[in-house]
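Protein chains: 2
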Amino acid sequence: MKVYLDCIPCFFRQALEAARWATTDVQRHRAVLDEVAALVPRLPIDATPIDMGREIHRVAKEATKAPDPYRKVKRRCNDRALELSSACRQRVDASSDPLLAALKLAAAGNVIDFAVRSNFDLEGSIEESLGDGSRLADYALLEERLERVEELLYLGDNAGEIVFDRLFVEHLAKLGKRVTYVVRGQPIINDVTVEDAAYVGMDGVAQVIPSGSDGPGTSLRWCSDEFIARFKEAGLIISKGQGNFEGLSDERRPIFFLLTVKCPVVARELGADIGKILLRAQKDWRKIAT
Amino acid sequence: MKVYLDCIPCFFRQALEAARWATTDVQRHRAVLDEVAALVPRLPIDATPIDMGREIHRVAKEATKAPDPYRKVKRRCNDRALELSSACRQRVDASSDPLLAALKLAAAGNVIDFAVRSNFDLEGSIEESLGDGSRLADYALLEERLERVEELLYLGDNAGEIVFDRLFVEHLAKLGKRVTYVVRGQPIINDVTVEDAAYVGMDGVAQVIPSGSDGPGTSLRWCSDEFIARFKEAGLIISKGQGNFEGLSDERRPIFFLLTVKCPVVARELGADIGKILLRAQKDWRKIAT
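Residue numbers (this note's numbering), protein chains in the order written: chain A, 3 to 292; chain B, 3 to 292.
Careful: at least some of the hints might be erroneous.
Stated by the list, open to error - In silico negatives: residues of chain B with every beta carbon more than 12 Å from chain A:
(1) Pro11
(2) Arg78
(3) Gly126
(4) Leu138
(5) Leu148
(6) His173
(7) Leu177
(8) Gly206
(9) Gly273
As the list claims (entries may be wrong) - Coverage of chain B stretches by chain A, computed from C-beta distances (three or more under 8 Å per stretch; other residues unrestricted):
(10) 3 to 10
(11) 26 to 33
Derived by calculation from the structure, the hints in this document are not laboratory data. Glycine included, every Cβ here is placed at the ideal spot set by N, Cα and C.
Looking at chain A on its own, in the form it has when it is part of the complex:
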């Protein structure tokens, strides 16, 4: 997915938020915005939001001398989600289709996203997703695919959310699937890293590997050769969140995108409403998934 001009105001908002998480020094905040302003005219027309996001968060980190401005807030998100997890696990296990319930919960957890907004209603999002009795549009396709594969790649997105990913991964494991959970290669916004995966025990239920990318999403341009090899041979990829969608929407691989729709640009690209959870098979699924 290419960057839209609508993303540019959002980049400034993100840069300012990152600078504020990093330092209380208003002059540093201003310096970050000035440097982001210098990037705008150099933004290639075919850039993805991830390419630009990577640059602006690099600027924010360097100008504030804070290599991981969201570290504390990520920890709080993980802790909050861990507090909710045992009640959520009980509700998932008690539901008529635990795999679907766990999938919805993982999608609802994607509401935690400091790239979009720092105020979100996690509990409300959980209630809405679990209270809705309907299936998700491409769930039947996912079930069909799951029957044909033994292992899958699961691309994580945000801290906190990873706790709900873990519940879903546990259900995939119950079906006998081997899951490789992919985290970012470097800290970026509130995205999951190896440290978060260890903190919430994801390494107990899945193999955890970094993508190598230091961007706020999975764009193969920034990933390691090792990850790209795994990506290209995977028979099923579950991709969480907007950032991974932005980077992979044009890759002809067997991907299911699982996310909460949070910004107008992604909503337009997906033809979906803001606030909805979504499971969407990659375009031309039937041609890809042979």
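Place chain B on chain A using the hints.
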């Protein structure tokens, strides 16, 4: 009121919206954003949002060769408000305190503001303001002041909204007050000009004068000497909207600010919630209004 760093993302959003009203040429849209990016590092720390708004809308107009991008949408807003006006007039006249009802309606009309967002709920805002039986916080102060003056300055803000201003001005005229209604000196966003005042018949109930300013609000820095003289001698000034508040919040004159709170920065400055209508006497009112 000085510009906050939070205003910078908003300036880019405004510039993009203005460019899109002016032309469908995406390359022109991009050129506008690049030029606004070049302005950011040159923004003085003591600038007001009006100073910067004036610059970015100048850029948008020049780069798209459209001297008045909002002309058509302003006409539509005026027409929509005119359609609603006779029903509103009846409701105001039938209320127990017609002046207060007209005041609230004028504040509700301020929801029309393309500087903040191009989707707004005018009818909902009207219903909420007229349905609320409470007085506005500083209404008693305004009543007291109205008893002591024979004429007043009324600083208009947006097209459409001006129709509701007119209903309020009619009630001021019934009290025997001579009203001078002030419009912008040049087209800027959807703000009122002499043309809008004539279109909705404001010139039939008030003297209409331009402020001389080409900024999206009344900042004395950009106003004509003639207007400044009127402003300095006025015994009562009613100032509509956020833009006029941004420019006049530090002027020690007998001003009542009447507006719908629409952005987080102005909400913080006023200590009020977004979405609320507000009548607020200038700081230190008792010292000023002697």
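Comparing the hints with the structure gives:
no.	hint	verdict
1	Pro11	4 Å, violated
2	Arg78	22 Å, holds
3	Gly126	19 Å, holds
4	Leu138	28 Å, holds
5	Leu148	41 Å, holds
6	His173	40 Å, holds
7	Leu177	44 Å, holds
8	Gly206	41 Å, holds
9	Gly273	19 Å, holds
10	3 to 10	holds (count 3)
11	26 to 33	holds (count 3)
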